[in-house]
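Trainee: Two chains, each in its own frame: build the complex with the hints.
Chains as they are written, first to last, in the working numbering: chain A, 165 to 533; chain B, 2 to 247.
The hints are simulated quantities; they were obtained by calculation from the structure and are not laboratory data.
Note that the structure is a prediction, hence the values are computed from the model and not measured.
Just so it is clear, CB atoms sit at the ideal spot from N, CA and C, and this is done for glycine as well.
You may find that some hints are simply not true.
As the list claims (entries may be wrong) - Only pairs whose alpha carbons sit at most 20 Å apart, straight line, appear in this in silico SDA-like list of lysine to any residue:
| hint | chain 1 | residue 1 | chain 2 | residue 2 |
| --- | --- | --- | --- | --- |
| 1 | A | 353 | A | 376 |
| 2 | B | 51 | A | 414 |
| 3 | B | 51 | A | 409 |
| 4 | B | 51 | A | 415 |
| 5 | B | 135 | B | 102 |
| 6 | A | 475 | B | 166 |
| 7 | B | 127 | A | 515 |
| 8 | A | 475 | B | 162 |
| 9 | B | 51 | A | 359 |
| 10 | B | 130 | A | 527 |
| 11 | B | 51 | A | 426 |
| 12 | A | 475 | B | 156 |
| 13 | B | 51 | A | 434 |
| 14 | B | 130 | A | 524 |
| 15 | B | 51 | A | 432 |
| 16 | B | 51 | B | 79 |
| 17 | B | 130 | A | 522 |
| 18 | B | 51 | A | 482 |
| 19 | B | 114 | A | 518 |
| 20 | B | 135 | B | 163 |
| 21 | B | 127 | A | 527 |
| 22 | B | 51 | A | 250 |
| 23 | B | 114 | A | 511 |
| 24 | B | 51 | A | 421 |
| 25 | A | 448 | A | 359 |
| 26 | B | 130 | A | 337 |
| 27 | A | 475 | B | 79 |
| 28 | B | 92 | B | 103 |
| 29 | B | 114 | A | 515 |
| 30 | B | 128 | A | 522 |
| 31 | B | 127 | A | 514 |
| 32 | B | 141 | A | 504 |
| 33 | A | 467 | A | 444 |
| 34 | B | 51 | A | 501 |
| 35 | B | 130 | B | 61 |
To be verified - So these bits of chain A aren't anywhere near chain B, every CB distance computed over 12 Å:
| hint | residue |
| --- | --- |
| 36 | 210 |
| 37 | 213 |
| 38 | 246 |
| 39 | 262 |
| 40 | 269 |
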Amino acid sequence: MSKLIPIPKLPGLSLVVGFVVLVSLLWFTPASASELAQETEEYCLSCHSNADLQTTLPSGESLSLYISSEELQSSVHSPIGIECEACHTNITTYPHPSIDYQTVRDLSRSYYSACQKCHPDNYSRTMDSMHAQAAEAGNLDAPICTDCHGSHYIHPPDQPRTLIPATCGNCHIQEFSIYQSSVHGNALKQEANPDVPVCTTCHGVHNIQDPRTQQFRVNEPDLCAGCHANQEMMSKYGLSADVYSLYSLSWHGVDVSVYQARWPTIQHNSAICTDCHGIHDILKPGDPNSSVNPKNLLVTCQKCHPGASSKWTGAWTGHYKVSLQRTPFLFYVDLFYSSFTPLILWICGIYVALQLIRLTVDRARRSLR
Amino acid sequence: MSQSKSDPSSSTSRVKLLRTFPRFSVSQRWEHAILLLSIATLLLTGLPQKYRTAVWSQTIISSLDRLATIQLIHRVAALVLTGLVLYHLGKAIFLMARRKLPGDMLPTLQDVKDAWNMLLYLIYFKKQKPAFGKYNFEQKVTYWFLFFAIGIMLISGYIMWFPEVITRILPGGAIPAAIMAHSTEAIVTTIFIVLWHFYHVHFERLNLSIFSGWLNEEDMRTYHDLEYNQLVREPRSNESSGDMKL
Numbered sequence: 165m166s167k168l169i170p171i172p173k174l175p176g177l178s179l180v181v182g183f184v185v186l187v188s189l190l191w192f193t194p195a196s197a198s199e200l201a202q203e204t205e206e207y208c209l210s211c212h213s214n215a216d217l218q219t220t221l222p223s224g225e226s227l228s229l230y231i232s233s234e235e236l237q238s239s240v241h242s243p244i245g246i247e248c249e250a251c252h253t254n255i256t257t258y259p260h261p262s263i264d265y266q267t268v269r270d271l272s273r274s275y276y277s278a279c280q281k282c283h284p285d286n287y288s289r290t291m292d293s294m295h296a297q298a299a300e301a302g303n304l305d306a307p308i309c310t311d312c313h314g315s316h317y318i319h320p321p322d323q324p325r326t327l328i329p330a331t332c333g334n335c336h337i338q339e340f341s342i343y344q345s346s347v348h349g350n351a352l353k354q355e356a357n358p359d360v361p362v363c364t365t366c367h368g369v370h371n372i373q374d375p376r377t378q379q380f381r382v383n384e385p386d387l388c389a390g391c392h393a394n395q396e397m398m399s400k401y402g403l404s405a406d407v408y409s410l411y412s413l414s415w416h417g418v419d420v421s422v423y424q425a426r427w428p429t430i431q432h433n434s435a436i437c438t439d440c441h442g443i444h445d446i447l448k449p450g451d452p453n454s455s456v457n458p459k460n461l462l463v464t465c466q467k468c469h470p471g472a473s474s475k476w477t478g479a480w481t482g483h484y485k486v487s488l489q490r491t492p493f494l495f496y497v498d499l500f501y502s503s504f505t506p507l508i509l510w511i512c513g514i515y516v517a518l519q520l521i522r523l524t525v526d527r528a529r530r531s532l533r
Numbered sequence: 002m003s004q005s006k007s008d009p010s011s012s013t014s015r016v017k018l019l020r021t022f023p024r025f026s027v028s029q030r031w032e033h034a035i036l037l038l039s040i041a042t043l044l045l046t047g048l049p050q051k052y053r054t055a056v057w058s059q060t061i062i063s064s065l066d067r068l069a070t071i072q073l074i075h076r077v078a079a080l081v082l083t084g085l086v087l088y089h090l091g092k093a094i095f096l097m098a099r100r101k102l103p104g105d106m107l108p109t110l111q112d113v114k115d116a117w118n119m120l121l122y123l124i125y126f127k128k129q130k131p132a133f134g135k136y137n138f139e140q141k142v143t144y145w146f147l148f149f150a151i152g153i154m155l156i157s158g159y160i161m162w163f164p165e166v167i168t169r170i171l172p173g174g175a176i177p178a179a180i181m182a183h184s185t186e187a188i189v190t191t192i193f194i195v196l197w198h199f200y201h202v203h204f205e206r207l208n209l210s211i212f213s214g215w216l217n218e219e220d221m222r223t224y225h226d227l228e229y230n231q232l233v234r235e236p237r238s239n240e241s242s243g244d245m246k247l
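Pulled out of the complex, with its shape left as it was, chain B reads as follows (with noise of 0.2 Å):
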């Protein structure tokens, strides 16, 4: 359903109607905010520990009871982001039980095709964009991608975390492999979130959604013109916006 705000700064004489859409429901929003703090939490105090023989690093941890504390506050990030993706995974299995989750942000064929015309786009020999629904295949990407970032990135915690316990069921070699996968992952996932994810939600465009939950028209049709033109066509209900109702 789109609402209509009108822009109180406006005279009376020229109303401007500023139609939006929503985007994401209250609860998409907590978890990317608590996703955003738990995984900043994670990698300011994760650095310091990887890079423990750096001088930064040591006038970071300086004593052995900050090394505590820090490690300490790492592990409690762990958990909070650990509780976040359980309710996720566990909000997606409910969902699909019932049939309705939404297949928006699943990767189709389409995303490659799309991926292959915008980098024709890119390189002027398109002349337009290609249009795209209410998640394009940039933004799968970024979901995809972190999904699988976090998800090694959990599993490698724990297993250093609990080395004793793990190896009663998993192989030795899960240790060294975690050790280098862990540091490895959290690198690669930091450049990804900086360079693609920044560029597209800051540079690109300030993309605030995430925190309002709702697009404007404008951006609507410049960047999700097919979910666009199909919302105008039979607005979709609140019940259908891609999650539960809360």
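The following block holds chain A by itself, in its conformation from the complex (with noise of 0.2 Å):
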């Protein structure tokens, strides 16, 4: 029991440990502590988090240096541990190398590379891409990777659906807008519809092509198709589900399919799907202010064929089978060629054979005799 009683004698010695202790600290952790934290998001923070933070570039531009922390936070890159010197890969500690970009663009240019390290299959798509050729024409504004997705504050670009047409909308305000009231648009604005196409659906993502190409074109009635060929997608809004392969067997979709075959690339123009139903303002065909709205069917159909008069729009079967009720006339000349083209074969063909055999067996027979 009397070795637990405190020893009062010797109070020196506590201090001394206490003093040893706590130079051994001084000892190790401030050389490599330091060090750590200079690479990480917090000790950036220590700084960026000051809403006031801004640089003026050459070009006059002033460039806010400000990070707001939560909204890091809630990005995808920071939580995984992705942190800032991930892409500022020059920036090692304080103070900073000095910055020689004249404008903001300049700026984001030339970081978006950074992207490529991670993202290197996005990173070559985009390479491919229709803006990444505007780029090399001289036009600094069209977009990389950063503008799309953001840089400090990234977050998945489709959640929600909604928000892609949005950005694409940063720069194609006015097929933005048109696509808004459109069918499609106007379906996702309502109901965050999860079916209608949205830019990307139809542009792609990444390697986004120039959508005036004839190839473009000629391939433009099997992305229509990728929905409207769907059965099940189509049967969900009581769409036919086959006006795409009743196209393909009409005169235009036979015409374009051969062209898609021979000669993607020359200029041709049959009707694909959007020449008639609009591009981006495409409108259910019940509605008044639709180009398949059967008022205005025949303005759309002069567009091709200037000489066409009002009786013309009976000629469009296009998109429906051959049936009594929609174009009786149509549905007896089937009904004639379905049942005369076999009989006239058979009749044809018994009395020949019917001849070839009696002729053979009498000329066997005179010969016999």
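Mentor: Right, dumping it as structure tokens:
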């Protein structure tokens, strides 16, 4: 028991031990701890969380250097440990190396190549895109990764899906507003419809191609068919899923398929879906403003067939099966040929076969006699 | 009027007389030749267009220039065929107006009976083929089948050629109907010509009377018994040989 009684005679010993411990702490931690801290987000934010932090570039533009800690924490990178220096590779400590960017755009265009390190596939796809071509032609406003995805506060680009058209709409203002009033855009806006196409559904994501080329044109019906030939999806909305297969059999469709297979780059104007239905402004055929509404159909046809008169639109059977109700004349012509052709074939075949038998038998008999 | 031709190869001791009977006028023979050429051209230039998605067609239509050429040839041949049809109809109207159109080609009840008897003969219910006049029912079927087939082909062809003009008069449904009729009728007609016509003029016997204009006595007796008997009794003059005098 006596051993548990503290020894009041030696107060200096605990002081010495405490001193040694403290000194040893000073000895070990500060050197390594300060180096680690410099490369962490925390370290950077110690200055950059100041909302007033900014600098002026040689172009006269002021560049805000403020980073919101909360937003950074909710972005995709920071929580999984991808911090500032992953992209800002040239900045390891303070003071930073001097900035040699003339403009804010310069800075963005220089930094976005950092995305390539971790996202090489999407990066190289982007290099094949219409946007990269525009940049190569000298348009520095052509979008780079960060223009669509953001730089510091990156979130999944399609959550929610309604975000996508808004992102593209930052630059493509007119297309965005037209799209929003279309049957597709409206359904997205009103009910966050999961099936309607957004920009990227048709144009692709990273390797977005020029939609004005002949190649894009001949492939366009297949693009629409991606959804409109999908029986399951179309039945949800009471739409026919046969529109594409019937179009493929029509005059326009066969023509386009031949050009698609043979001469995909040669300019050709046989109608594809968008020629009649519109592109970003597609409306329900029942909508009085729709280009394929019976009221407007003739004007739409006249775009390619200037001599067409009011009776012309009755020729259109491209999306309908031949039926007695809708196209009685065509129905009877079809009925006539589907019964007439085999009938002629059989009658001729049987008659000639009988003739042949009788002729051969008679000749054989005569020669045997 | 029947002509006599001596066989030059036979010796003087045995002269073989080959009696021939006029069957087709020069005009009719030319009509057939032009018809044959224009239909063959239309078929050869039309099939690659109908089957434009097929590989064999694409070796023919290998470029857009070729397509344009093929379409041009098709349309020129169509115009030739149109001219021929107009000539043929015009001639028929001309002869009709003069009450000189021979009724040989018109279908009669006798043809139905002939067809029935022929069928019985073919299935060994009868020993003898029915006796025929100038045109038997097989030849009438050929003529009238092609008459309507060409009519359908021409009408539907012009609808496809001038769709915008045609639909000022006809309802728009005429266009898809014409497209369907034109391509299907072409195939039916081809099958018909190959099976029916080629059998009768090439296989059953080689009948070149549409090119030469005459038939020999043996063929006349075998295939046109009634006409033969009639001609032997009262030979017809050239004026009434079934066509205009040229």
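Trainee: Run every hint past the structure and note whether it holds.
Mentor: Results for each hint:
no.: 1; hint: 353(A) with 376(A); result: 27 Å, violated
no.: 2; hint: 51(B) with 414(A); result: 12 Å, holds
no.: 3; hint: 51(B) with 409(A); result: 18 Å, holds
no.: 4; hint: 51(B) with 415(A); result: 11 Å, holds
no.: 5; hint: 135(B) with 102(B); result: 14 Å, holds
no.: 6; hint: 475(A) with 166(B); result: 10 Å, holds
no.: 7; hint: 127(B) with 515(A); result: 16 Å, holds
no.: 8; hint: 475(A) with 162(B); result: 17 Å, holds
no.: 9; hint: 51(B) with 359(A); result: 38 Å, violated
no.: 10; hint: 130(B) with 527(A); result: 15 Å, holds
no.: 11; hint: 51(B) with 426(A); result: 16 Å, holds
no.: 12; hint: 475(A) with 156(B); result: 18 Å, holds
no.: 13; hint: 51(B) with 434(A); result: 17 Å, holds
no.: 14; hint: 130(B) with 524(A); result: 15 Å, holds
no.: 15; hint: 51(B) with 432(A); result: 19 Å, holds
no.: 16; hint: 51(B) with 79(B); result: 16 Å, holds
no.: 17; hint: 130(B) with 522(A); result: 11 Å, holds
no.: 18; hint: 51(B) with 482(A); result: 18 Å, holds
no.: 19; hint: 114(B) with 518(A); result: 18 Å, holds
no.: 20; hint: 135(B) with 163(B); result: 41 Å, violated
no.: 21; hint: 127(B) with 527(A); result: 17 Å, holds
no.: 22; hint: 51(B) with 250(A); result: 62 Å, violated
no.: 23; hint: 114(B) with 511(A); result: 17 Å, holds
no.: 24; hint: 51(B) with 421(A); result: 14 Å, holds
no.: 25; hint: 448(A) with 359(A); result: 16 Å, holds
no.: 26; hint: 130(B) with 337(A); result: 85 Å, violated
no.: 27; hint: 475(A) with 79(B); result: 26 Å, violated
no.: 28; hint: 92(B) with 103(B); result: 12 Å, holds
no.: 29; hint: 114(B) with 515(A); result: 16 Å, holds
no.: 30; hint: 128(B) with 522(A); result: 11 Å, holds
no.: 31; hint: 127(B) with 514(A); result: 18 Å, holds
no.: 32; hint: 141(B) with 504(A); result: 19 Å, holds
no.: 33; hint: 467(A) with 444(A); result: 18 Å, holds
no.: 34; hint: 51(B) with 501(A); result: 16 Å, holds
no.: 35; hint: 130(B) with 61(B); result: 46 Å, violated
no.: 36; hint: 210; result: 69 Å, holds
no.: 37; hint: 213; result: 66 Å, holds
no.: 38; hint: 246; result: 52 Å, holds
no.: 39; hint: 262; result: 61 Å, holds
no.: 40; hint: 269; result: 45 Å, holds
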